[in-house]
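Student: Sequence:
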Amino acid sequence: MTTKIFWLARSGLGIGTATAALCLAILPLRHSSAAAATGVHPGPMSRTDAFARAETLTALGRKIFFDPSLSASGLQACASCHDPSHAFGPASAKPVEMGGEHMDRPGLRAVPTLRYLQAVPSFTEHYYDSEDEGDESVDNGPTGGLTWDGRVDHGADQAKLPLLSPFEMGNKDAAEVAAKLRKAPYAGDIEAVFGATVFDNPQDAFDAAVEALGTFEQSGPDFYPYSSRYDAFLAGKATLTAQELHGRQLFENPAKGNCSSCHLSEPANDGEPPQFSDFGFLGLAAPRNMAIPANSDPDYHDLGLCGPQRTDLAGHSDYCGLFRTPTLRNVALKKSFFHNGYFHSLRDVILFYATRDSDPGRWYPRNADGTVHKYDDLPQAYWDNLNQDPPFGRKPGDAPALTDPEIDDIVAFLGTLTDADLQPEAGENEASHLMYHNFRYTSFHRK
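If you're matching positions, the sequence shown starts at 4 in my numbering and goes up one per residue.
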């Protein structure tokens, strides 16, 4: 009896720096590997076949990711909004990107990075810390999911969203995408992986494409290299400046920045590098961004977890205004921040945290009577949902939680989270970072 393994395209199940497209379960099987390796759902296969299939799907997914012909306009690929040179986030500072059949339809939210999503757990309303990570009796509330509102859990499901969104790639349905895939120069690659009949059923062809995209987006070197100077520092391979070290202290100090309460900055107990997110949901009350066309309607509010893009939690008023905490890895490269892209400076983001409640007039517009219209993008009925932990929760007129020099120090620390391949002038430092990454990656696979 031959030993076989199951292969599953995965996303959001966090197994560190492994080739995250592989989730392996050893089982005794009688099928031949050749029979197992065909079709959209290949079933059990040998370890060798499973790794080969993952590599093939990764290469195929890369081609699909960069193909603008899959959009209704013929001008927009996944990479148009998720630029590899910007940590698979947008290259522009626009709060939302344009899309649709004529590239004239604005989106509703800022485009997030696709890097470091491999550890995001599936969405749950009641998340309990694992046994080795904290108090497993504490309910941390809504956690996980891959979008700003956590409405999809897997890379393949996430890939469907832009392909079928009327204000993104603009396809009407799976059949329209399948028809374009059939004409693509890599159509033969799809048939080679998923079988010669894959295009007979448009849904099969569509599912094949999003599976390939989901697998590509789990490629370690592309999407979770862990090659920043901070990673090297944690491994004892690099040093931080005095300013960066002080910024780290402020970042972790619960009475100052308190950033690490949500953006975890220490390695996990199993040695996994920090993800700089707890994957939870918070209400932060970013100012309303009138540069987003949808916000010209005073009755429109993006309430995150409770809608309008997510519909299954619409009745949960205690979730309104909550958005998932993103990773801060490569945050220094971003040109717009928060779900609505209101801020365009990392320093302003930290200043907002430090002064949102002590100096609301700095950020929010004024009413006709001169009073500050604080939290202007969230109806008052949901204000109780807002985070009041430090540095928030101060009274108007109080001293800010952070001084200007302290903010500068935190910004300096956050600059150490940029991956080596994205550094403008890597030089010898990049070589040392990549050596560290290769050591970690090789060590994991030898276990």
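Keep in mind that the hints are not guaranteed to be accurate.
[Claimed, not checked] Under the rule of at most 27 angstroms between Cα atoms (straight-line distance), these lysine-lysine pairs were calculated in the DSSO-like manner:
hint, residue 1, residue 2
1, K66, K163
2, K66, K183
3, K240, K66
4, K377, K97
5, K175, K186
6, K338, K377
7, K259, K338
To be clear, the hints were calculated from the coordinates, so they are not data collected in a lab.
Student: Has the given pair, K175 with K186, been kept, meaning a C-alpha gap of at most 27 angstroms?
Tutor: 17 angstroms, holds
Student: Holds or violated: are the alpha carbons of K66 and K183 at most 27 angstroms from each other?
Tutor: 13 angstroms, holds
Student: Please work out if K259 and K338 have their alpha carbons no farther apart than 27 angstroms.
Tutor: 25 angstroms, holds
Student: Quick one, are K338 and K377 close enough, alpha carbons at most 27 angstroms?
Tutor: Distance ~24 angstroms between K338 and K377 Cα, so the pair holds.
Student: For a C-alpha distance cap of 27 angstroms, please report whether K240 and K66 respect it.
Tutor: Given that 27 angstroms is the threshold and the Cα spacing comes to 35 angstroms, the pair is violated.
Student: If you draw a straight line from the CA of K377 to the CA of K97, is it 27 angstroms or shorter?
Tutor: Cα-Cα ~24 angstroms, so holds.
Student: Within 27 angstroms, alpha carbon to alpha carbon, are K66 and K163?
Tutor: The given pair, whose Cα atoms are some 16 angstroms apart, holds under the 27 angstroms limit.
The structure fails hint 3 only (numbered hints given earlier).
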